[in-house]
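Asks: From first to last, the protein sequence lines are chains A, B and C. For the first sequence, position 149 (counting from the first letter as 1) is numbered 149 according to my numbering, and the numbering increases by one without interruption. For the second sequence, position 87 (counting from the first letter as 1) is numbered 87 according to my numbering, and the numbering increases by one without interruption. For the third sequence, position 63 (counting from the first letter as 1) is numbered 63 according to my numbering, and the numbering increases by one without interruption.
Honestly, the hints are just simulated from the structure, not real lab data. Take these hints with a grain of salt, some might be off.
List time: in silico DSS-like cross-link candidates among lysine-lysine, alpha-carbon distance up to 25 Å [claimed, not checked]:
no., chain 1, residue 1, chain 2, residue 2
1, C, Lys-88, C, Lys-52
2, A, Lys-79, B, Lys-5
3, A, Lys-79, B, Lys-88
4, B, Lys-3, B, Lys-52
5, C, Lys-52, B, Lys-5
Beta-carbon label-pair distances, calculated as ranges [as the list claims (entries may be wrong)]:
no., chain 1, residue 1, chain 2, residue 2, range
6, C, Gln-112, A, Gly-58, 27 to 35 Å
7, C, Glu-131, B, Phe-59, 48 to 56 Å
8, C, Thr-129, B, Phe-82, 20 to 28 Å
9, B, Asn-98, C, Glu-51, 42 to 50 Å
10, A, Leu-137, B, Gly-136, 38 to 46 Å
11, B, Glu-131, C, Gly-32, 24 to 32 Å
The C-beta atom is built at its ideal place from N, Cα and C for all residues, glycine as well.
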Amino acid sequence: MEKTKKTIIVFSGDLDKAMAAFVIANGAAAMGDEVTMFFTFWGLNILRRPEKVKAKKGFLQAMFGAMMPRGAGRLGLSKMNFGGMGAKMMKIVMRQKNVAGLEELMATAREQGIKMIACTMSMDVMGITREELVDGLEYAGVATYLAEADESNVNLFI
Amino acid sequence: MEKTKKTIIVFSGDLDKAMAAFVIANGAAAMGDEVTMFFTFWGLNILRRPEKVKAKKGFLQAMFGAMMPRGAGRLGLSKMNFGGMGAKMMKIVMRQKNVAGLEELMATAREQGIKMIACTMSMDVMGITREELVDGLEYAGVATYLAEADESNVNLFI
Amino acid sequence: MEKTKKTIIVFSGDLDKAMAAFVIANGAAAMGDEVTMFFTFWGLNILRRPEKVKAKKGFLQAMFGAMMPRGAGRLGLSKMNFGGMGAKMMKIVMRQKNVAGLEELMATAREQGIKMIACTMSMDVMGITREELVDGLEYAGVATYLAEADESNVNLFI
Numbered sequence: 001m002e003k004t005k006k007t008i009i010v011f012s013g014d015l016d017k018a019m020a021a022f023v024i025a026n027g028a029a030a031m032g033d034e035v036t037m038f039f040t041f042w043g044l045n046i047l048r049r050p051e052k053v054k055a056k057k058g059f060l061q062a063m064f065g066a067m068m069p070r071g072a073g074r075l076g077l078s079k080m081n082f083g084g085m086g087a088k089m090m091k092i093v094m095r096q097k098n099v100a101g102l103e104e105l106m107a108t109a110r111e112q113g114i115k116m117i118a119c120t121m122s123m124d125v126m127g128i129t130r131e132e133l134v135d136g137l138e139y140a141g142v143a144t145y146l147a148e149a150d151e152s153n154v155n156l157f158i
Numbered sequence: 001m002e003k004t005k006k007t008i009i010v011f012s013g014d015l016d017k018a019m020a021a022f023v024i025a026n027g028a029a030a031m032g033d034e035v036t037m038f039f040t041f042w043g044l045n046i047l048r049r050p051e052k053v054k055a056k057k058g059f060l061q062a063m064f065g066a067m068m069p070r071g072a073g074r075l076g077l078s079k080m081n082f083g084g085m086g087a088k089m090m091k092i093v094m095r096q097k098n099v100a101g102l103e104e105l106m107a108t109a110r111e112q113g114i115k116m117i118a119c120t121m122s123m124d125v126m127g128i129t130r131e132e133l134v135d136g137l138e139y140a141g142v143a144t145y146l147a148e149a150d151e152s153n154v155n156l157f158i
Numbered sequence: 001m002e003k004t005k006k007t008i009i010v011f012s013g014d015l016d017k018a019m020a021a022f023v024i025a026n027g028a029a030a031m032g033d034e035v036t037m038f039f040t041f042w043g044l045n046i047l048r049r050p051e052k053v054k055a056k057k058g059f060l061q062a063m064f065g066a067m068m069p070r071g072a073g074r075l076g077l078s079k080m081n082f083g084g085m086g087a088k089m090m091k092i093v094m095r096q097k098n099v100a101g102l103e104e105l106m107a108t109a110r111e112q113g114i115k116m117i118a119c120t121m122s123m124d125v126m127g128i129t130r131e132e133l134v135d136g137l138e139y140a141g142v143a144t145y146l147a148e149a150d151e152s153n154v155n156l157f158i
């Protein structure tokens, strides 16, 4: 039988790229494919809880953490963000056009059983702890990603 | 028989990334592969007509449209663009070196029968209408992309 | 037998993306896969020697060359770089956490026999000559990349 699994590495933490990743993932899951999303580096910000979480961190890690957006609702655009105005404008247009926003896309991904893995090595580097991330994630490294990719027929880096 | 089809999602609207996408696509087509390029988000700007086109739009969509570059000739670099100077410099060097520019690469892609699909969902979000885009495109959504990707052995996100 | 080769196009010259590329490449090589990395556009900067190298160049090419970082030690982050401060902070955290830095990742890639190809067409466009790049590279164009990708089961664009 043909392989139809899909993997997406979500490296970017930009709203537009995150939306593209989830639209593709949800589309594939809706067509019956198993989908694994592997969140690494800035992509981890998509998975952060919106509230402040106390976590033991070194000074530099705490600084990084404080400067990065907490969760899907606070991401900016990769272009024309203008300090958040661009992202706000795009969200308004999406609501007018009845296009699902990122939080909604993420809820659909969960409902469809898409596997979301947070990259433990980049959590270390970015200083992001498990308590700061949303529920329902798996935690793993590059070997797990590669094993999934070997079983998949479409593998994207976003 | 081995699958040799290729798909490229062109998410970026940067000159350098667009050139990379078309160089890969044209190379594959020259080797006899079927190639599908799926243009989404900022990548749609590559396909815009250079002239102003009247189109019915909401206020925010019109603003987005006015601020984004109209077509291959007006794109900037992803790095070191310096308000367009970087792109101009790169074009001059390319002419000196007899390297094909983006417009030329796009013409070759057409001649080679590369399928170019504009993502209808992101057209809605970015406020880009069909009249604003060049001729010869197909219009479709993520399901069409996924069907093409399932038949392909190389699938890139650029 | 299943194909397990991997290719990675390294288009970006950002420290974070370069690290992601080498972590994936090294992981795959450690699992016994053949890996080809194809460096193009800004990705070529990762391969530059740190010292100044005299090379015959046109004026614009020399300018480009002077403004781009020379080698893995001088790259910036794709986000939150703050004129190099971000990259410095990330390197300090990585040392604290015993995470391998980019130079170390590149040394491992060499030891594991990962094939590194510099894209000759983008060398022309960026004005980068062979003398400016580190030893042990191959030089080729898009046709070579596509031949490798056709034999691989995972192909990423970073």
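Asks: Does each hint fit the structure? Answer for all of them.
Replies: Verification of the supplied hints:
Between C/Lys-88 and C/Lys-52, the direct Cα distance comes to roughly 22 Å. Compliance with the 25 Å bound is thereby established for this hinted pair. Distance check on the hinted pair: A/Lys-79 and B/Lys-5 sit about 31 Å apart at the alpha-carbon level, beyond 25 Å; violated. Under the criterion of a C-alpha separation no larger than 25 Å, the hint pairing A/Lys-79 with B/Lys-88 is consistent with the structure, at around 20 Å. For the hint linking B/Lys-3 to B/Lys-52, the alpha-carbon distance of about 41 Å lies beyond 25 Å, and the restraint is violated.
A distance of roughly 43 Å separates the Cα atoms of C/Lys-52 and B/Lys-5; the hinted pair therefore is violated under the 25 Å criterion. Taking 27 to 35 Å as the suggested C-beta distance range, the pair C/Gln-112 and A/Gly-58 conforms, at roughly 31 Å. Separated by about 55 Å at the C-beta atoms, C/Glu-131 and B/Phe-59 satisfy the suggested range of 48 to 56 Å. At roughly 24 Å, the beta carbons of C/Thr-129 and B/Phe-82 sit within the given window of 20 to 28 Å.
A hinted range of 42 to 50 Å for the beta carbons of B/Asn-98 and C/Glu-51 is inconsistent with their spacing of about 31 Å. Between A/Leu-137 and B/Gly-136 the beta carbon distance is about 43 Å. The supplied range of 38 to 46 Å therefore holds. Taking the beta carbon of each, B/Glu-131 and C/Gly-32 are about 53 Å apart, not inside 24 to 32 Å as hinted.
Of the numbered hints stated above, those contradicted by the structure are hints 2, 4, 5, 9 and 11, listed in ascending order.
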